[in-house]
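As given, the protein sequences belong to chains A and B, one line each in that order. Take the first sequence: its letter number 10 is residue 12 in the numbering used here, and every next letter is one higher. Take the second sequence: its letter number 270 is residue 274 in the numbering used here, and every next letter is one higher.
Quick caveat, the hints were computed from the structure, so don't treat them as lab data. Backbone N, C-alpha and C fix where the C-beta goes; we use that ideal spot for every residue, glycine too. Incorrect hints may appear among the rest.
[Unchecked claim] Interface residues of chain B toward chain A, partial, derived using beta-carbon atoms under 10 Å:
#	residue
1	ALA34
2	VAL169
3	THR170
4	VAL257
5	VAL273
6	PHE281
[What the hints assert, rightly or not] Far from chain A by the CB rule (all over 10 Å, computed), these chain B residues:
#	residue
7	GLY84
8	GLY177
9	HIS181
10	GLU208
[Unchecked claim] Label-pair ranges, simulated between beta-carbon atoms:
#	chain 1	residue 1	chain 2	residue 2	range
11	A	VAL136	B	LEU54	28 to 38 Å
12	B	GLN204	A	ARG135	30 to 40 Å
13	B	ILE136	A	GLY159	37 to 47 Å
14	A	ARG209	B	VAL18	28 to 38 Å
15	A	GLY159	B	LEU54	19 to 29 Å
16	A	LEU73	B	ALA22	52 to 62 Å
17	B	VAL117	A	ALA185	31 to 41 Å
18	A	ARG209	B	LEU14	35 to 45 Å
19	A	ALA185	B	ALA60	48 to 58 Å
20	A	GLN244	B	GLU174	30 to 40 Å
21	A	VAL136	B	THR278	23 to 33 Å
22	B	VAL18	A	LEU105	27 to 37 Å
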Amino acid sequence: MTLPQTAAPPVPPVPPVPMMSSKSAKPARTWPIPFRIAAGFLLLTATLAILAPLVAPYEPDAIDLNASLALPDGAHVLGTDQSGRDLLSRVLHGAGPSLVAPLALLALASVIGIALGTLAAWHGGWVDALVSRVTDVMFAFPGLLFVILIVSVFGDGLTTAVIALALAYSPVVAKYTRSIALAERAKPYIDAYRVQGMGGFAICARRLVPNLAPSLIGYLVLMFGQVLMGMATLSYLGFGAQPPSSEWGLMVKEGQAALVQGALWPALVPGTAIALVVVAFNVVGVRISDRLGVRER
Amino acid sequence: MPARALRITLGLLVTLLAASFVIFGAIYAAPGDPAAFLVGGQEDATPEKLAAVRAAYHLDDPLWVQYGDWIGGVLRGDLGRSMQYHDQVADLVSSRVPTTLFLVGYSAVLFVVAGVALGVLSAVRGGRVDSIVVAVTTLLASIPKFVKALALVAFLGVQLGWFPVTGAGEGFGDRLHHLTLPALSLALGELAVVSRVTRQSMLEQYAQDHVTVARAAGLSEFKVIRRHVLRNALAPVVTMCGLIIASLFAGTVVVETAFGISGMGSLLVQAINTHDFPVTQAVLLLMVLAYMLVTTFVDLVHPLIDPRVRLEGSAA
Chain A
3 MTLPQTAAPP VPPVPPVPMM SSKSAKPART WPIPFRIAAG FLLLTATLAI LAPLVAPYEP
63 DAIDLNASLA LPDGAHVLGT DQSGRDLLSR VLHGAGPSLV APLALLALAS VIGIALGTLA
123 AWHGGWVDAL VSRVTDVMFA FPGLLFVILI VSVFGDGLTT AVIALALAYS PVVAKYTRSI
183 ALAERAKPYI DAYRVQGMGG FAICARRLVP NLAPSLIGYL VLMFGQVLMG MATLSYLGFG
243 AQPPSSEWGL MVKEGQAALV QGALWPALVP GTAIALVVVA FNVVGVRISD RLGVRER
Chain B
5 MPARALRITL GLLVTLLAAS FVIFGAIYAA PGDPAAFLVG GQEDATPEKL AAVRAAYHLD
65 DPLWVQYGDW IGGVLRGDLG RSMQYHDQVA DLVSSRVPTT LFLVGYSAVL FVVAGVALGV
125 LSAVRGGRVD SIVVAVTTLL ASIPKFVKAL ALVAFLGVQL GWFPVTGAGE GFGDRLHHLT
185 LPALSLALGE LAVVSRVTRQ SMLEQYAQDH VTVARAAGLS EFKVIRRHVL RNALAPVVTM
245 CGLIIASLFA GTVVVETAFG ISGMGSLLVQ AINTHDFPVT QAVLLLMVLA YMLVTTFVDL
305 VHPLIDPRVR LEGSAA
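Just chain A, with the same shape it has in the complex (with noise of 0.2 Å):
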C-alpha cells in the first residue's frame, strides 16, 4: 500500500506554533489539564525523592520517645509515629527506594520478557511453543502468589523481592511482546532484511525490537502503577523491604498497630503517597501509551 507518491495531495498549511521546539511538523499537541497536574506531581514527587537529604527536616530514624504520635502541627507537618519519628522526613526518604525498586524491576522485566517474547516470535515452533507453555503455568499463579512462593524459599528483602516480581511479571511483557512481534515479523521490510543476508539475530536486534519500541514502552508505562502497587504490597506484607527502611509500603505496615488506638496519620501518610503516585501515573500513562498507539493484544 505504500507506493511512492508522485503526486501528493495538497496538505492544508499547519498554523504556526510558536512553542515549537520539536523537529517534527506534526501540529502541536495539547496535553489536558489533568495529564499536566500528574505530570508535575510525578515530577516534583522525583525531585523531592532526589533531594530528599537536603529538604526532610528530620532524620527520617530520629527516634524521639516524647513525640510519639504526634498530631500535625509547626513541629512535625504530618505528625510522628509510634517511635516519634517525623512522618514528613520518612516519606520523603522513602520515596527513594519506593520509586527506584519497582523501576528496577520493570527493567529486569521487560528485558526478559522482550527477549522471550520476541525469540518466540521470531523462531516459532517449539521454542514458542515452550515459551508459551511456561509463561502459562506462571499465569496459572494468581495475583502476587508466584512472588510469594520465590520470596517463601529465598527469604525476604529487597533484592529478592526486586528478581521475584521481575520474574513474576515477565511473562506478561514476553505475552504483549510476542503478540505485536508477530505482526510485524509479517511484514514485507523484514524479508527484504533476510534476502539482503541480514542474520536472524542482528534483524531482532537491530531492526524489529526497535519498530516495537514506541508499543512496548507505552505499555510499559501502563504496567509501572501496577508494578509499583505490587512492590508496595510486598513490603507491606513484610516480604520486600525491611526495617529501618522507610519504604512506603513497610510504612505502612508500621503504621498499622496505630491505628486500633486512634492514631490514622503513620498509616494514611505513606498509604495516601502510594494511591498518589499510582493515581498519577496512570493518568499520564494512559495519555502517553495512546500517543505512541499501544496495540491492543
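Take the given structure of chain A and dock chain B to it, following the hints.
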C-alpha cells in the same frame, strides 16, 4: 461440545500438574540443603533432627519419586505435617477454608451487584454520570488493597465505629458484620472493570435491531433495558466476573493480613514467616487450584450462557 470440554479439562490438568511441580520443586531451588531449609534454618538443627526430616520427606529419593509421593498424598487428602504446629496440614487448612470462602463470596456479591449497577447506570445515562463512574471506579482501582483496607479501618472502623476492625466473627450475622470491611476492600478495586464491561456490552446491544423492534412494539424503556439489552449483554459480564472471583483468592492474602482474619491468606503469610514450608506448599497449591478451577469453569459454561459461542467452538 464434548471435545471442547475434554480439551479444556485436559489443559487444566496439565497446567495444574506443572504448577504443583513448580510449588513442590521450589525447595530445591533454595540455596543449601533442603533438609536445613525444611527445619527452618533453626540454629539448633541437630544432625538427628536433619536426619528425621530427611527421612520424613524421603529427601534421599530422586526428585520425581518425592514429587509422586507428595502429589499422591495430596490426592488422598494428606497434605503432610506442619513444621510449626505439628498438626496435619489438612486439618489446619480445613479449619480456615470456610472463612476465606465466606470472604470471597461476600466480596463477589458486592462487586457484581455494585459493578453491574454502575455499568447499567453509565450505559443508560451516559454523559456526565458515565464520566463520574469512570473517574471514581478508576481511582478505586488505583489504590492498593491494603491501603483501601486501612483507610476503611481508619474511617468506618476507628472513627465512626460502625464495623469491627479485626477478627472474623461467629455465626452468620456477626460474620457478615465482621467481614464487611474486608469484603469491601477486596471488591472496590474490581468495580472499574465490571462496570466498564457491562457498559460496553450494553451499548453494543442498544445498536441492535431487536432493541429497536422491542421499542417499536411499545415496551416500556425499563422493560427494553432489562429484558432485551441487559439480558443479551450479560455473557461477557458473567465471564469477566468469574475471572475476577477466581483472582480474589489471591487478594485474600493481603486483606486477611490487614484485618487479622485467620483464613487461608493469613495462614500463608504466617507459614512463610515461620518457615513452615509444608503449609506454604499446601496453601499455594489450594489457591492455584481454586483459581484454575474457577477460570476453567467459566470457560466451560461460557457457551451455555451465550449460545453464539458454540458455533465458533465447533468450528475450531
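- Message: Taking the Cβ atom of A:LEU73 and the Cβ atom of B:ALA22, is their distance within the range 52 to 62 Å?
- Response: 53 Å, holds
- So is B:GLY84 really clear of chain A, every C-beta pair being over 10 Å apart? 15 Å, holds
- Mind checking the CB of B:VAL273 against every CB in chain A and telling me if the closest is under 10 Å? Since chain A brings a Cβ to about 6 Å from B:VAL273, closer than 10 Å, the hint holds.
- Return the status of the interface hint for B:ALA34: holds when the least beta-carbon distance to chain A is below 10 Å, violated otherwise. Constraint on B:ALA34 satisfied, holds at 4 Å.
- Query: Taking the closest Cβ pair, is B:THR170 under 10 Å from chain A?
  - Reply: For B:THR170, the interface hint holds, since the closest Cβ of chain A sits about 8 Å away, which is under 10 Å.
- Are B:VAL257 and chain A close enough, Cβ to Cβ, to be under 10 Å, as the hint says? Holds, because the Cβ-Cβ distance from B:VAL257 to chain A comes to roughly 7 Å (cut-off 10 Å).
- Message: A range of 31 to 41 Å was offered for this pair. Does it hold for the Cβ distance of B:VAL117 and A:ALA185?
- Response: 40 Å, holds
- B:GLY177: least C-beta distance to chain A exceeds 10 Å? Check passes; 23 Å lies beyond 10 Å.
- Item | Interface hint outcome for B:VAL169 [beta carbon to chain A under 10 Å] | This interface hint holds because 6 Å falls under the 10 Å limit.
- Message: Just to be sure I understand the hint, the distance between the Cβ atoms of A:GLN244 and B:GLU174 should be within 30 to 40 Å; is that true here?
- Response: 36 Å, holds
- Non-interface claim for B:HIS181: all C-beta distances to chain A beyond 10 Å? Per Cβ check, B:HIS181 is outside 10 Å of chain A; nearest 17 Å; holds.
- Cβ separation check - B:GLU208 to all of chain A, threshold 10 Å: Non-interface label stands for B:GLU208: nearest chain A Cβ at 16 Å, farther than 10 Å.
Checked against the numbered hints above, the structure breaks none of them.
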